[in-house]
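Residue numbers (my numbering): 274 to 605.
Keep in mind the hints are simulated off the structure, nothing from the lab.
Below, in silico cross-link-like pairs of lysine-lysine (BS3-like), each with a Cα-Cα straight-line distance of 27 Å or less:
#, residue 1, residue 2
1, K551, K455
2, K551, K581
3, K491, K426
4, K455, K576
5, K576, K298
6, K317, K298
7, K551, K512
Bear in mind the structure is a predicted one, so any value in this text is a computation, not a measurement.
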Amino acid sequence: MTYHTSESLSHAHITAIGSYVPERKLTNADLEQLVDTNDEWIVKRTGMHERRIAREDEFTSHLAIAAVEHMIAAFQTDLSNVDLILVATHTPDLPFPSVACQLQAHFNIPHTGALDLNATCAGFPYAIHLANGLIAGGAHRKILVVAADTMSKITDYTDRSTCILFGDGAGAVIIESKPEPKAFLGSRLGTDGTGGIHVYRTGLADTLNGQSLEGNSKLVQNGREVYRFAVTQIPQGIKELTEAAGVSIDDIDWFIPHSANLRIIEAMNERTGISREKTLISLDYFGNTSAASIPLALDLGVKSGQVKPGDLLLLYGFGGGLTHCGLLVRWG
Numbered sequence: 274m275t276y277h278t279s280e281s282l283s284h285a286h287i288t289a290i291g292s293y294v295p296e297r298k299l300t301n302a303d304l305e306q307l308v309d310t311n312d313e314w315i316v317k318r319t320g321m322h323e324r325r326i327a328r329e330d331e332f333t334s335h336l337a338i339a340a341v342e343h344m345i346a347a348f349q350t351d352l353s354n355v356d357l358i359l360v361a362t363h364t365p366d367l368p369f370p371s372v373a374c375q376l377q378a379h380f381n382i383p384h385t386g387a388l389d390l391n392a393t394c395a396g397f398p399y400a401i402h403l404a405n406g407l408i409a410g411g412a413h414r415k416i417l418v419v420a421a422d423t424m425s426k427i428t429d430y431t432d433r434s435t436c437i438l439f440g441d442g443a444g445a446v447i448i449e450s451k452p453e454p455k456a457f458l459g460s461r462l463g464t465d466g467t468g469g470i471h472v473y474r475t476g477l478a479d480t481l482n483g484q485s486l487e488g489n490s491k492l493v494q495n496g497r498e499v500y501r502f503a504v505t506q507i508p509q510g511i512k513e514l515t516e517a518a519g520v521s522i523d524d525i526d527w528f529i530p531h532s533a534n535l536r537i538i539e540a541m542n543e544r545t546g547i548s549r550e551k552t553l554i555s556l557d558y559f560g561n562t563s564a565a566s567i568p569l570a571l572d573l574g575v576k577s578g579q580v581k582p583g584d585l586l587l588l589y590g591f592g593g594g595l596t597h598c599g600l601l602v603r604w605g
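With the sequences and hints as input, model every part of the structure.
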């Protein structure tokens with residue numbers, strides 16, 4: 274695992290945000306028609322009421338484009354001087370070209386690099402961490418970061434343990450170089466690759482670390498093991514991150530974890546001392562949108578007026594790999 278504090282970080286700031294979810298809703302009542310479940314059971318175990326599901330002809334690039342368009346409308350953002358596009362996704366339309374290249378083509382950004390990265394549900398903070406580092410090193414000055422996933426495309430709707438969880442969505446931010454004060458105060462990255470067997474999707478190979486895989490290209494998850502990983506590793510990561518940055522729990526204005534499951538988040542609140550009232554989520558009406566869940570929650574907080582300029586945010590993503598990433602950053 275790695276740690277970084279404000280001494281090594283840049284003058285990068287998040288200067289704009291936008292998000293998008295598809296129009297179609299998948300409610301708990303709808304799921305009752307697909308598998309043996311009910312609204313009370315789903316809400317009690319996940320906190321979810323509905324999710325948004327992409328059309329058959331709607332893919333990750335479409336969600337990403339719409340999130341960027343919403344960001345442009347809200348912040349009058351100029352993309353012409355973006356010099357790098359980073360897209361966090363594990364559900365790209367195609368193996369290649371990347372979603373980032375599709376964004377470049379759609380918005381006709383003239384002089385930019387473009388790449389996708391895959392850290393699954395931790396993808397957004399990973400991409401933000403990379404953007405900050407690239408700006409710190411002087412390689413780039415303005416980076417478009419997008420997190421987008423169409424989980425419905427890889428969900429097995431006969432598996433009652435997973436199909437109740439996932440939805441589709443996208444979030445976009447601009448990270449750019451600005452003068453003092455510094456916005457990025459610290460980061461923490463960690464990985465336990467031995468836990469990869471607990472949440473995966475098959476591809477060219479059907480084995481992992483010598484073990485046979487199932488799923489037929491659909492997501493497979495051992496929820497018990499993912500829960501154990503999240504509620505032990507993330508609170509410890511938060512403790513070490515805040516201590517390294519010289520920040521107390523009371524200094525944090527908003528905790529924005531990956532919206533995997535409300536029970537996981539409540540366990541994190543209890544173990545860290547961060548109150549539920551200071552925690553922003555997007556799962557109740559959007560479901561688990563993987564890489565998009567953190568920017569969706571942040572954008573909801575910005576639009577509602579809860580998140581204000583200067584607020585200290587603790588972003589923490591975790592997911593397949595198993596991998597996780599936490600960031601301390603000031604908004605605006």
